[in-house]
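The task is simple: from the sequences and hints, build the whole structure.
Chain by chain, the residues run as shown.
4 protein chains.
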Amino acid sequence: MDDGADLVSTIHNDYQELIPDILGGTEETTTGVIRLRAMAADGALKFPVVAVNDAKTKNMFDNRYGTGQSTLDGIIRATDILLAGKVFVVAGYGWCGRGLALRARGMGADVIVTEVDSVKALEARMDGFRVMPMEAAAEEGDLFCTVTGNIHVLRKEHFERMKDGAILSNSGHFDVEIDIPALAALTEGVRKDVRPFVDEYTVAGKRIYVLAEGRLVNLAAAEGHPASVMDMSFATQALACEWMARQEPRLTPAVYDVTNELENGVASLKLASMGIQIDALTDEQQKYLADWRHGT
Amino acid sequence: MDDGADLVSTIHNDYQELIPDILGGTEETTTGVIRLRAMAADGALKFPVVAVNDAKTKNMFDNRYGTGQSTLDGIIRATDILLAGKVFVVAGYGWCGRGLALRARGMGADVIVTEVDSVKALEARMDGFRVMPMEAAAEEGDLFCTVTGNIHVLRKEHFERMKDGAILSNSGHFDVEIDIPALAALTEGVRKDVRPFVDEYTVAGKRIYVLAEGRLVNLAAAEGHPASVMDMSFATQALACEWMARQEPRLTPAVYDVTNELENGVASLKLASMGIQIDALTDEQQKYLADWRHGT
Amino acid sequence: MDDGADLVSTIHNDYQELIPDILGGTEETTTGVIRLRAMAADGALKFPVVAVNDAKTKNMFDNRYGTGQSTLDGIIRATDILLAGKVFVVAGYGWCGRGLALRARGMGADVIVTEVDSVKALEARMDGFRVMPMEAAAEEGDLFCTVTGNIHVLRKEHFERMKDGAILSNSGHFDVEIDIPALAALTEGVRKDVRPFVDEYTVAGKRIYVLAEGRLVNLAAAEGHPASVMDMSFATQALACEWMARQEPRLTPAVYDVTNELENGVASLKLASMGIQIDALTDEQQKYLADWRHGT
Amino acid sequence: MDDGADLVSTIHNDYQELIPDILGGTEETTTGVIRLRAMAADGALKFPVVAVNDAKTKNMFDNRYGTGQSTLDGIIRATDILLAGKVFVVAGYGWCGRGLALRARGMGADVIVTEVDSVKALEARMDGFRVMPMEAAAEEGDLFCTVTGNIHVLRKEHFERMKDGAILSNSGHFDVEIDIPALAALTEGVRKDVRPFVDEYTVAGKRIYVLAEGRLVNLAAAEGHPASVMDMSFATQALACEWMARQEPRLTPAVYDVTNELENGVASLKLASMGIQIDALTDEQQKYLADWRHGT
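Chains as they are written, first to last, in the numbering used here: chain W, 1 to 296; chain Z, 1001 to 1296; chain A, 2001 to 2296; chain L, 3001 to 3296.
By construction, these hints were calculated from the structure, which means they are not laboratory data.
All residues carry an ideal CB built from backbone N, CA and C; glycine is no exception.
Take these hints with a grain of salt, some might be off.
[As the list claims (entries may be wrong)] Chain W stretches covered by chain Z per the calculated footprint, using a threshold of three residues with CB under 8 Å from any CB of chain Z:
(1) 123-133
(2) 259-267
(3) 270-281
Listed below in structure tokens is the structure:
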């Protein structure tokens, strides 16, 4: 879930003059971090940034559990469709995609995953999902949701193969994952807002429904991620700012990872807020882990 | 699943003279890699080693899906107990632990996870498992399985709190995760092999069953990991050896990660063997990912 | 999900004069059928009724899959709470309750079931849910939802044990499953509509949230059951009316079950609408099933 | 899981003379009950029988949870195959089939269900499984298991479509669900016992593996149902015998259902043995359920 690239571009275009005074920033989104790393590689990054998105306390929780629930929430509010027994196609098996696939299965859907990364594709398969190219999935899906951070994941050759009544949505980054202009070029007619946030395109006599104009469906048609998971992302962000401010000397322009100490601190606070206690290593155990001489 | 530390110690103790001629090695187990890194930090590592265990094509698959299934297989063969409706306590939520917790739930158990790492504990909770200290879990569990790679995870204070009929097993590394000597010291009597691989200890009038003497239950009471998941680990190992042999100049003594190219190659081969095809990035998509100027 | 008893009472009170001309009726709700059977037992039922609720094509689908999804939908819209990692207490393990428990687990919750029926309680346990009396569950739950068709399932002794922040809702029948007057009598203050459909009661310093004033949360805060599952109930109802009208002689006043033929017809139509084909028995198989002489 | 028909036939053929002295019997299997009802319809049943199989405390638990676990146990012991990521075809969605489908999914398989009953097929679909005719499933399956109680569920036209390496097993009733003679007629060669309980047939160059010669795989290759679920079936059987013996006058020859009181008694005993307490209806609730006048 992401509109980070907007922020990155805005920073780049509009705030050049202010940059010398900026101590640093944090970036909350996958797409944003990808772009910041590309900027760093190009020498275009002018101040240090902490990749909060890449923290486990952010992406493993917010991206997975937050996107999983809120995306289904947005789709259900927009369509009021029963997910049980439907073929639900998830494009992308990153943290967002795996959260979404897991929750869609949890609601009774038959889930297909598409991927471009062979390791992720294999993991999806071992998790019990069907895995196939989008051209094949296009013919089977009742619902499709893109969560890739890339462009034109659903495009002309896919629209042409879809079933009557297919429902398309995006929960990845902004409105380019579904190639809406290509769909508009194919269509014989569009009926806007057949329900709020639902546009109906007719392609070769078949109806294809696009939710929220291909924008992030959980933000457009629902309330985005629940506060009870965003709290972890925001805590990580706030503490990353503090960490940055405390560094002596000042950090040089680059993309920095969140420290393990900071991650463990956020997770411990969250567990405490949930009333959950956990074990601690005993002295004997700490010594055992550190000492390679044990074990014969 | 691991007896790697044995190997590491053997290498250290017995093969000192041969070391100058060794091109390098690969390490397949979590415990082994922990120890090799400790050896490297101590300057005790005499040749390069590739940490095959840490490859995604190893730990995400072999440790998770392999250990998950084979551990339950070992427990069921040893005890013939119905898992549905039982309280199953998993100590450790690394790759092995999460595979085991997932599969135990898949068999209908009510799963409790114990952890010492706050991020992993939180992840277990968000995955729907109960999370608590072992002292509390000890009172509830019908079955316990340690998958931590550490020592004395189940110990005196836990045995004393267990219910009559509790079943203890280990699928982590060798026979130190359950403190068997402490149990033997508490016991009023032991009946060996009440079923094959099952010893019955009586503690304060309650029966506690230990499987396979606390050794790896999937190796002792079942057949270890299925070949259809070990293939990935072995392919990663073989290709890591080839990679090592091809390096010019020779690698210096250190612990090396498996390269992304090698991982993707193994995963692609595995997908092909399963008859699964996936998508490839289009030129437009590759360009989009690389270019941070997009996105407004 | 049910407001059938309303209908039954209305029929009883207001339409006495019309009854001689009524050919018959159908009843769509669990509570309604319970009451109609009680009326029949009292000799108070004046015309024949088909218990559409008890048809497999109704209760196994509408009650289970419809209530499961729509109840979570109502709760999420009202509260925007993340379900992953929360303790979700489901009171009642009938078709509605098992649908709700299954879907709550599918969203990552740790689910507790309460029951008064020992067979259903045992089934819930074997399905992997925790089962306990409501007095114990009251202390653990983050969310509670009643789906029993009974009165005062959540009451004074439960409110007193709840945690700060507990969220109460009902998806069973009308607003008596949660004893709101008892809660109001305990409270030190009520804040109405802290979010739409959410009232905050303070009891001994703890906040307890009641959704939709204890009315059916899926109807009040969401859109009720999706059309794609109600279609089966309505088809069963329409065809039951036709069946009733075709009976010669007229049916006598009693509660009638939907016939197997009618159920199979509805299910076959639904499968066809989903593009799903199934097997048919071969002649050999039909003969085998009918003939008890086979099998040695 | 069933070899009841054998028993029924044996009774019919060999014990005619003893029948006048038989007080009655109980029948534990689905197939047995089907045949007993057919015998009753033909006037061939000579003494009363209680259909223990149809008791909820038997079929909902033993058939579902027992068969689910023990069938996978038998398949894994025979083949040592990893289930994660495999296509697992379950023929039949009765209690045995739904238990097996649920557990196979719980082990990470991609599950296809085949059925001849439209209501059951629809339920399987709404539970998230793929549903299709066996002719289509035959082309996709890595593993097949029949749990139908019928004959020749896997037959010539299916064998011809299977993939190289397909694994066939039966957990329904005796060795007629897979048409082994038809497979033998197709084959170019058989290798017996390539592993214990595994025969390899070659058909048009493809290898097809049959487990346990098509006999009940959980009995042949594992230990049958765990005692901790059979206890319920046996308790139901024992108490049904007592009930039968207490009837005055003696029951006439017919098939009788287990009473609700008896079922509730067995379930209550089982819950107590698991340390689980449940709620009881309050007086107010009992009155509410019985009285149709409530409800506005």
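How the hints compare with the structure:
1. With a cut-off of 8 Å between beta carbons, the segment 123-133 of chain W has 6 residues touching chain Z; three or more are needed, and the interface restraint holds.
2. A count of 3 residues in the segment 259-267 of chain W with a Cβ less than 8 Å from any Cβ of chain Z is obtained; the coverage claim is therefore met, three being the minimum.
3. For the segment 270-281 of chain W, the proposed coverage by chain Z is satisfied: 9 residues have a C-beta within less than 8 Å of a C-beta in that chain, meeting the threshold of three.
Violation of the numbered hints given earlier is absent; every hint is satisfied by the structure.
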